[in-house]
Amino acid sequence: MKNMDNLYDILQIDNKTRDIEIKKAYIKMLRKYPPEKCPEEFKKIREAYEILIDPILKAEYNAFINHKDNINEYRKKGNNALDKKQYRRAILYYKKILLIEPKLTFAKNKLGLAFFYHKQYEEAVIQFRELIQLNPHNSIFYNNLAYVYKEQQKYDLAEELLLKSYDIDSTNEKTVLALGDVYISLGNYEKGIKFINKCLDDNKCDIFKEIMYYLKLTRMYVNINNINMVMEVLNIVKNIIPDEKKIKEYVVWKLQKIAEELLKDNKYELGYEICEKLLKIDNDSEKILDLYNKFNEILKVRDLLKELSRDGRIIECLKKPIIYYLHGNSNSEKEFNKKKEKNIKEIKQSIENDFINVLKSINILKTKYKIFYKYKEELYKDAYDMANENKLKNINKQKCNEELCACKEEKDWPVLYSTNIKEKKKKYKFKKRFSRILLGCAVVFVLLCIMILNFHLIKRR
Numbered sequence: 001m002k003n004m005d006n007l008y009d010i011l012q013i014d015n016k017t018r019d020i021e022i023k024k025a026y027i028k029m030l031r032k033y034p035p036e037k038c039p040e041e042f043k044k045i046r047e048a049y050e051i052l053i054d055p056i057l058k059a060e061y062n063a064f065i066n067h068k069d070n071i072n073e074y075r076k077k078g079n080n081a082l083d084k085k086q087y088r089r090a091i092l093y094y095k096k097i098l099l100i101e102p103k104l105t106f107a108k109n110k111l112g113l114a115f116f117y118h119k120q121y122e123e124a125v126i127q128f129r130e131l132i133q134l135n136p137h138n139s140i141f142y143n144n145l146a147y148v149y150k151e152q153q154k155y156d157l158a159e160e161l162l163l164k165s166y167d168i169d170s171t172n173e174k175t176v177l178a179l180g181d182v183y184i185s186l187g188n189y190e191k192g193i194k195f196i197n198k199c200l201d202d203n204k205c206d207i208f209k210e211i212m213y214y215l216k217l218t219r220m221y222v223n224i225n226n227i228n229m230v231m232e233v234l235n236i237v238k239n240i241i242p243d244e245k246k247i248k249e250y251v252v253w254k255l256q257k258i259a260e261e262l263l264k265d266n267k268y269e270l271g272y273e274i275c276e277k278l279l280k281i282d283n284d285s286e287k288i289l290d291l292y293n294k295f296n297e298i299l300k301v302r303d304l305l306k307e308l309s310r311d312g313r314i315i316e317c318l319k320k321p322i323i324y325y326l327h328g329n330s331n332s333e334k335e336f337n338k339k340k341e342k343n344i345k346e347i348k349q350s351i352e353n354d355f356i357n358v359l360k361s362i363n364i365l366k367t368k369y370k371i372f373y374k375y376k377e378e379l380y381k382d383a384y385d386m387a388n389e390n391k392l393k394n395i396n397k398q399k400c401n402e403e404l405c406a407c408k409e410e411k412d413w414p415v416l417y418s419t420n421i422k423e424k425k426k427k428y429k430f431k432k433r434f435s436r437i438l439l440g441c442a443v444v445f446v447l448l449c450i451m452i453l454n455f456h457l458i459k460r461r
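Residue 1 is where the sequence shown starts when you use full-length UniProt numbering, and the numbers rise one by one after that.
Hints listed in this document are in silico derivations from the structure and should not be mistaken for laboratory results.
Each hint should be verified, as a subset may be incorrect.
Simulated restraints, written as ranges between beta carbons of each label pair [what the hints assert, rightly or not]:
{"hint": "1", "residue 1": "D9", "residue 2": "K194", "range": "38 to 46 Å"}
{"hint": "2", "residue 1": "N72", "residue 2": "N226", "range": "23 to 31 Å"}
{"hint": "3", "residue 1": "K280", "residue 2": "K95", "range": "51 to 59 Å"}
{"hint": "4", "residue 1": "N188", "residue 2": "I168", "range": "20 to 28 Å"}
{"hint": "5", "residue 1": "K191", "residue 2": "E260", "range": "39 to 47 Å"}
{"hint": "6", "residue 1": "D206", "residue 2": "E377", "range": "49 to 57 Å"}
{"hint": "7", "residue 1": "L279", "residue 2": "K348", "range": "28 to 36 Å"}
{"hint": "8", "residue 1": "P102", "residue 2": "I168", "range": "20 to 28 Å"}
{"hint": "9", "residue 1": "K24", "residue 2": "N239", "range": "20 to 28 Å"}
{"hint": "10", "residue 1": "I281", "residue 2": "E346", "range": "44 to 52 Å"}
{"hint": "11", "residue 1": "N188", "residue 2": "Q133", "range": "44 to 52 Å"}
Glycine included, each C-beta is placed from N, C-alpha and C at the ideal position.
Model the full assembly from the supplied sequences, consistent with the hints where possible.
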């Protein structure tokens with residue numbers, strides 16, 4: 001856009017263009033510079049439209065560009081300060097304009113916005129209320145006052161003003177989207193969905209607005225976790241989206257933000273489904289492909305985690321580091337540290353008292369659940385080394401005990417052995433003596449028999 005200072009040049013029209021042609025020009029420029037992709041250009045396009053479509057503001061602007069050189073200088077300086085977020089400076093310049101011409105509503109509106117951005121909400125409310133009194137048929141003033149109340153969390157007042165603004169001008173998509181955000185803040189999704197659907201029915205001829213409203217519907221259905229309706233709305237978006245690069249980029253960008261939030265909130269199935277749809281809209285987006293792969297990997301990990309939780313071969317205390325690693329953000333830091341310390345104590349006790357099962361469990365983790373093992377590889381390596389060290393100590397202790405027993409047996413055995421020998425010797429001596437006595441008796445008996453026999457033989461002779 002070459003000339004962003006002249007409002008007529010911004011919309012590429014002249015000062016004799018009728019209202020209906022101004023609206024057409026606005027829609028044309030909006031498609032060329034979508035708000036999410038070209039925020040600065042869009043802001044100026046919207047400002048030009050808001051001023052030129054309103055008869056009072058248009059008359060003021062015409063007077064302004066024709067007669068007020070000083071006003072033009074202050075306006076430029078004020079706008080420049082506002083863009084640089086130098087809100088106090090911007091407030092000063094807009095006040096200078098109003099000193100020259102107090103009824104210039106565009107300057108009053110800018111002053112209200114500067115107060116709003118500077119968080120001077122009550123001063124902003126005063127400016128926008130005065131503007132509504134000056135021109136009660138300008139929807140922009142209702143919108144701006146609603147934004148202040150929305151920021152102050154006065155959602156009921158904001159809703160009332162935005163509905164009034166929509167009645168005045170139903171073509172302003174910012175009114176619809178802001179009202180959708182109010183219903184989201186209130187948690188009134190039923191009312192919000194009903195309103196957006198009504199707006200969709202009223203804007204069938206404008207594809208880009210339809211897409212913006214469908215994306216707001218998507219946000220609402222995501223928040224209430226209505227997966228079926230999210231998929232239904234995304235199918236509609238996929239079917240109506242024109243083959244225009246900027247619009248596709250806008251859609252992908254908006255849905256990418258939702259997918260990133262779902263990843264952060266651990267809503268993996270819905271995030272995966274959204275990314276799958278997005279790849280059908282734009283299969284060249286590296287960011288979406290990366291998100292898709294992340295969701296896919298997490299879903300696989302989740303299924304594997306379920307299998308791990310049911311695996312009785314692995315002791316429970318060695319499963320917990322993985323669970324805490326994957327779901328640690330669901331606890332407060334203090335609670336998480338307390339659980340972690342307790343788990344470390346459990347692992348140490350197992351290493352001391354059940355080191356064989358610790359070794360078996362870690363070996364299973366390393367082979368079957370390798371991806372989990374990698375998450376806490378250092379911890380498992382240390383636990384394995386300590387358990388293995390305890391195993392070796394236990395083996396050495398058993399060897400020492402066996403050797404000690406063997407030594408005791410060897411010391412006792414000679415004593416037992418020598419006692420038995422003595423007993424045997426005694427018995428042997430006794431037997432030998434008894435044998436001699438018996439032998440002597442036998443010899444004596446034989447000699448007596450011979451003598452008796454000889455006596456009888458001599459007698460017969």
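Now for the hints, and whether the structure bears them out:
no. : hint                       : verdict
1   : D9 with K194: 38 to 46 Å   : holds (40 Å)
2   : N72 with N226: 23 to 31 Å  : violated (52 Å)
3   : K280 with K95: 51 to 59 Å  : holds (53 Å)
4   : N188 with I168: 20 to 28 Å : holds (23 Å)
5   : K191 with E260: 39 to 47 Å : violated (27 Å)
6   : D206 with E377: 49 to 57 Å : holds (56 Å)
7   : L279 with K348: 28 to 36 Å : violated (47 Å)
8   : P102 with I168: 20 to 28 Å : holds (24 Å)
9   : K24 with N239: 20 to 28 Å  : holds (25 Å)
10  : I281 with E346: 44 to 52 Å : holds (49 Å)
11  : N188 with Q133: 44 to 52 Å : violated (30 Å)
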